[in-house]
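Number of protein chains: 4
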Amino acid sequence: MNTFGRNFRITTFGESHGRALGAVIDGCPPGIPLDETDIQPLLDRRRPGTSPLASQRQEADRVEILSGVFEGKTTGTPIAMIVRNRDAQSEDYEELRGKFRPGHADFTFQEKYGIRDHRGGGRSSGRETIGRVAAGALAMKYLAMHGVTVSGRIVSVHGKTEPAAIEHEILAAMNAGDSVGGIAELVAKGCPAGLGDPVFGKLDAAIAGAMMGIGAVKGVEIGAGFAVAGRFGSHNNDPMTKDGFASNHAGGILGGISSGQDIVVRIAVKPTASIAKMQKTRDIHGNVVDISVGGRHDPCIVPRILPVAEAMLALVLADCMLEQAKYDRSG
Amino acid sequence: MNTFGRNFRITTFGESHGRALGAVIDGCPPGIPLDETDIQPLLDRRRPGTSPLASQRQEADRVEILSGVFEGKTTGTPIAMIVRNRDAQSEDYEELRGKFRPGHADFTFQEKYGIRDHRGGGRSSGRETIGRVAAGALAMKYLAMHGVTVSGRIVSVHGKTEPAAIEHEILAAMNAGDSVGGIAELVAKGCPAGLGDPVFGKLDAAIAGAMMGIGAVKGVEIGAGFAVAGRFGSHNNDPMTKDGFASNHAGGILGGISSGQDIVVRIAVKPTASIAKMQKTRDIHGNVVDISVGGRHDPCIVPRILPVAEAMLALVLADCMLEQAKYDRSG
Amino acid sequence: MNTFGRNFRITTFGESHGRALGAVIDGCPPGIPLDETDIQPLLDRRRPGTSPLASQRQEADRVEILSGVFEGKTTGTPIAMIVRNRDAQSEDYEELRGKFRPGHADFTFQEKYGIRDHRGGGRSSGRETIGRVAAGALAMKYLAMHGVTVSGRIVSVHGKTEPAAIEHEILAAMNAGDSVGGIAELVAKGCPAGLGDPVFGKLDAAIAGAMMGIGAVKGVEIGAGFAVAGRFGSHNNDPMTKDGFASNHAGGILGGISSGQDIVVRIAVKPTASIAKMQKTRDIHGNVVDISVGGRHDPCIVPRILPVAEAMLALVLADCMLEQAKYDRSG
Amino acid sequence: MNTFGRNFRITTFGESHGRALGAVIDGCPPGIPLDETDIQPLLDRRRPGTSPLASQRQEADRVEILSGVFEGKTTGTPIAMIVRNRDAQSEDYEELRGKFRPGHADFTFQEKYGIRDHRGGGRSSGRETIGRVAAGALAMKYLAMHGVTVSGRIVSVHGKTEPAAIEHEILAAMNAGDSVGGIAELVAKGCPAGLGDPVFGKLDAAIAGAMMGIGAVKGVEIGAGFAVAGRFGSHNNDPMTKDGFASNHAGGILGGISSGQDIVVRIAVKPTASIAKMQKTRDIHGNVVDISVGGRHDPCIVPRILPVAEAMLALVLADCMLEQAKYDRSG
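Taken in order, these protein sequences are the chains called A, B, C and D.
Letter by letter, the first sequence follows residues 87 to 417 of my numbering.
Letter by letter, the second sequence follows residues 87 to 417 of my numbering.
Letter by letter, the third sequence follows residues 87 to 417 of my numbering.
Letter by letter, the fourth sequence follows residues 87 to 417 of my numbering.
Because the hints were derived from the structure by calculation, they are not lab data.
All figures in this text were calculated on a predicted structure; none of them were measured in a lab.
No false leads were mixed into what you were given.
Just so you know, same-sequence chains aren't split out, so a pair can sit in one copy or run between any two.
Pairs of lysine to any residue residues, derived as SDA-like cross-links and limited to a Cα-Cα distance of at most 25 Å, are as follows:
id, residue 1, residue 2
1, Lys-185, Ile-370
2, Lys-246, His-335
3, Lys-246, Leu-139
4, Lys-363, Asp-376
5, Lys-366, Thr-327
6, Lys-366, Glu-177
7, Lys-159, Arg-170
8, Lys-328, Glu-197
9, Lys-227, Ile-201
10, Lys-363, Gly-330
11, Lys-159, Arg-183
12, Lys-275, Gly-372
13, Lys-185, Gln-196
14, Lys-246, Gly-316
15, Lys-159, Ile-201
16, Lys-366, Asn-334
17, Lys-159, Ala-279
18, Lys-275, Pro-119
19, Lys-246, Ala-313
20, Lys-227, Asp-414
21, Lys-328, Ala-362
22, Lys-366, Asp-376
23, Lys-185, Gly-330
24, Lys-328, Gln-347
25, Lys-159, Glu-181
26, Lys-227, Glu-122
Based on the sequences and whatever the hints tell you, model everything.
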């Protein structure tokens, strides 16, 4: 299942050390102005090698649009985009051919498929998100035409919330050959009421699935999230006034359907599994071995996960807006 | 979208005060022994009127299997099950025809559809989950045949973790015309490694979507969940030993694929939105009005959400097991 | 796969001699007036026992709507409909428990599932179409609101085209313990241009799949159909004039997309497989045996297939109209 | 909807005069040996410029595999393949920017999308099938591993069945600035019994949808096809003997499920819509104008449609074999 969405559908492909990664977007409405300069800035936010706190892999990640655009506009036909891999250093990973990195998908891929591309994590690499971000950039363009914007921010890293303290935590982890986790928050503004379906297609269900479908995310909450567990209903309910809702504990979603308030989502991001510190693991023959994961890794993935999470939220919302458009006309 | 699953697919229907609720299960393997006595006990756990701490609506919730079973076994054709509503007291809800209950889907349904069945919440009622539980009971039978079990427990209610304290919190809320939230945990034991897909079809993504698709759930976490945000990678990674994994911070899922360990999921459940306490809201004409929600409601929905969450987890796992079965033979 | 459609989605269930048959319709727009009297007349056209030329099984086929309707209108939630079986005479089929009827699905069901409900054909009975016709009746209501009508007619039976000759062929076959095939034509009038997708979702592809998905249909053609094989392009192309197209060899579909002309479909219907005449077949132990199929059967299924084919065409068109509605607003 | 299949799923993209065309294959089992030399021969059969009877556009149609293969084997992750366009002569089509070619999708694309890539038919060009053929080549590899083969042949062109007569008809049409249609037949050998689902997912329904989803196909029949309309049941039923079926009027499918016999499909292919002969049509302003379609076209598309139809049949069968694999293990 490398396809996401019902109406604004994307199919992604590509591995960390393969020839190229990319996405095909199907169901995008016709007539939207589009060229590579709409996509590249989002990919640039995501790409490695741009900060001393991130992976030093050097990839320009230049996107090429192969189809679906005519004289600068989308035509309603599928839009294929690709990014070629340039700086894969596959020899760094030779040791990993036979060892399962702790916290990674190495063991589970082997169990599932009986074969795996061990180079840079293969399909389970963070580079897999290139296709998501490229497609998300187009979703954001479509949303912006309808007054909807999506943004993300770092809430905390390793318990710290101030930028300086966060930077310090990341550097300290890096220097110790370790990594740290954190929390990010996404907000969508300008969403009309009525998006999402009441039962299995709840907007928050779609968002939760989209977020947990990003590698390293281990928790998702909407609005007040886990804090609701300690509350009274009289506190948690959002009263309505003449001007709308008096609070937004619901995070903009009631009964699975958008209320017109800001949509607020938080995700828990685990510390990067790839660390230099020595760990215990197994090799493919079942022997317990030591492992120090080489290669070029982010000591904290929270900053680089932001554009990916924004892209996924944008994709969910674009999909729901197209779904809802059916009923606005046809009832 | 009232259909859930790709392989073990259920379609549910029905409203709180309509004639009947139910589910059609499509894709269930043939040859599984099945009659109503396999389904009824799960529905009995879910139904109201059985505890002083729960809604007093009296519904026997007797299930009838309409199709898909021949001489006591499933045949591979769709299995339709229905439960008729008996004790709907629609007159209790007449006032709600024109008012939006805070914390409910009333407002968003009206915005989405321009029409809504206000009686007992209509399709957004908790009674909607009858179809899920009935279908989940069958999923559990299928899973049990493959050595997989699913169970749930209350972690906390309003911050309390001991049974007596929990009961006290619920009673106190009820007596105050209020409600309380809590946290529940689900565990699946016996899952083989290899379930779930690496990208959008991650097992944890499917679980997160399934859980957040239950009314009142506002947060989902897998394994260590939000706690990962404060950890070092060297602590959070689960080392492998001769006997398997030395810990289970991952909650049984690595890279979106089951590892063979227990699958551990926690959900945050908001306090019941329906409370007797006076609240501010709007009527359908836009006026601000007072509302005290009558009808028969649960002061805390955590206990009755357990069988629903177990059912959803079982449905996800059954679906993934069928998906994976394709590759076990065809590679 | 007992679900059909992407937007106007139906899921059907039920066997010939089970408790009930029916359908759940998901994705129907809200606000459409609906009660049982909208559905029953279509079911009455389909039901047996109404003509000396058809099966004598006596079934009132009374439909009950279980959900999705509030105060006489659809609400946007799933609409479940059931019809209970009354006159199943399962004892007539006892011999068939161990024999595969020629031309039937008996052998292939056994190969596929390893179990089968032999009574009246089980799920592969013509009674399976009750759910389709019930759902199609609602699709037709929706289409009529948009100016689209669907109708069907018998083109020929056993090579004859005149009503009297057709009746004679059917009677002769019946008296000989045999059956005859024929051709039916469906026409949809009033379809807007623009329905259908250019590649795999072509309108004619959807129609062909829908028609060939009806038991006994062995061929489908659109517009000129197989006759195009003997033509020049200069003859087959439909020229455009001031008033539209000068001919309709295309059957209302160009490049998979409706052109605004009448949509014209023809289907080839095989002679009923169940015949009294003695035939050779195998029993479940592999022995060659004689078989004369008892029970109550139609000597020619063409007349009763008409309402089913109309229903399927209506379902395809309703589905495509909802699909297209997305782009009318969102571009 | 540019995605086809449930289990062996392909998503195609690209236009006649865009940068590239291609396909992403998702759900292909891991471990299948694959490189470009497995795909290229099928593309070579499909490509233009190889016969005096076909379009003279010169395209090498070299395929590049971008992902999903590791050390010469599929890994279970998506396989992206692209073919770059080289010999597009877009200036030939400038006149068509403002005129609707008779028999083409020009008018319906304009009605549907309000925008269209007029160069070489854009997405509705025959070049769209490159992605299908590339994906079909992989499906055939998978099928061959399970003993299934797919082949096609020309039954007739413009009523002629002998090769010499067929060639003469095509040349005569070409010299007259005209085109001719014909009939092709596909046969799949070695299919196991049990493929396909009883109701909407019938194997013949899937095949009919796949075939009618190929541009220029206006009719599909299975086995005896339209001939059944003139038959008695006693003639049309295939008796069973000790060695299997005594005939194959059913074309290998009973009740929508494969019987183990050869699967036999015929398609009616219309004469190429693009002809030099002068025709009447409309321009985009509604004026009636004359048109003689330039560019490089096939006077008869039947020979080049064969590899496409074979590919689509292979895709359907691969998809059904994976679907069926679920039940072989999980029952």
